[in-house]
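Take a look at the letters that make up each chain.
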Amino acid sequence: SQELEQSPQSLIVQEGKNLTINCTSSKTLYGLYWYKQKYGEGLIFLMMLQKGGEEKSHEKITAKLDEKKQQSSLHITASQPSHAGIYLCGALTGTYKYIFGTGTRLKVLA
Amino acid sequence: DAGVIQSPRHEVTEMGQEVTLRCKPISGHNSLFWYRQTMMRGLELLIYFNNNVPIDDSGMPEDRFSAKMPNASFSTLKIQPSEPRDSAVYFCASSLGLAGDNTQYFGPGTRLTVL
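Residue numbers (this note's numbering), protein chains in the order written: chain A, 1 to 110; chain B, 1 to 115.
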């Protein structure tokens with residue numbers, strides 16, 4: 001079955017540093033979503049990408065979807081402790097199946 | 001808007017007992033999703049509805065699990081009988097529709113512990 005692989009699984013960075021999280025699928029995706037989850041809480045929607053080559057930004061977070069729509073990256077510039085949490089990518093497959101990556105745990109050291 | 005509402009937020013029960021989780025989607029959303037999240041398996045889609053009709057329940061682990069959506073503003077996920085391996089956080093999410101440009105909005109989750 002189609003899966004989403006996220007890397008890295010965990011990340012510890014110093015405050016102010018940039019970081020990138022990747023999400024890869026073996027097949028074309030029909031919608032790619034990035035969510036943030038704080039420990040013990042629900043998922044908060046960040047961004048949605050649909051078109052190949054699309055890029056969106058919100059505050060210091062930028063997400064891109066590659067031309068083939070099989071890989072997405074989430075980039076955080078000048079990280080802050082408030083960015084800490086679990087980042088999940090989710091995607092809609094061709095059969096209206098929603099799948100999620102295993103998540104990337106981010107810790108930002110002050 | 002209040003967002004997706006789930007209840008209870010925490011549930012502790014003993015093995016063999018029936019558990020009912022509740023969800024109120026965002027008003028106007030036509031699609032509703034039930035997920036389960038564990039450390040081992042991550043976030044798994046259990047079932048989803050569109051216009052109150054179950055579309056895909058292939059993610060429901062066993063016959064012990066059942067879900068209903070009697071109207072556009074309410075859904076339940078029931079586990080009967082519950083087992084310790086059902087312990088997880090259960091999320092409900094809703095969206096305007098099933099197309100790829102319809103973002104899912106998640107509730108805060110119900111943390112279920114089966115002793």
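Calculated directly from the structure, the hints in this document are not laboratory data.
A couple of the hints might just be wrong.
[To be verified] Quick list of in silico lysine-lysine cross-link-like pairs, BS3-like style, CA-CA up to 27 Å:
#	chain 1	residue 1	chain 2	residue 2
1	A	K60	A	K97
2	A	K36	A	K51
3	A	K56	A	K68
4	B	K78	A	K97
5	A	K97	A	K51
6	B	K24	A	K36
7	A	K38	A	K68
8	A	K56	A	K36
9	B	K24	A	K97
10	A	K107	A	K68
11	A	K56	A	K107
12	A	K17	B	K78
13	A	K107	A	K64
14	A	K51	A	K68
15	A	K68	B	K68
Does the structure break any of the earlier hints, and which numbers would those be? Violated: hints 1, 7, 10, 12, 15.
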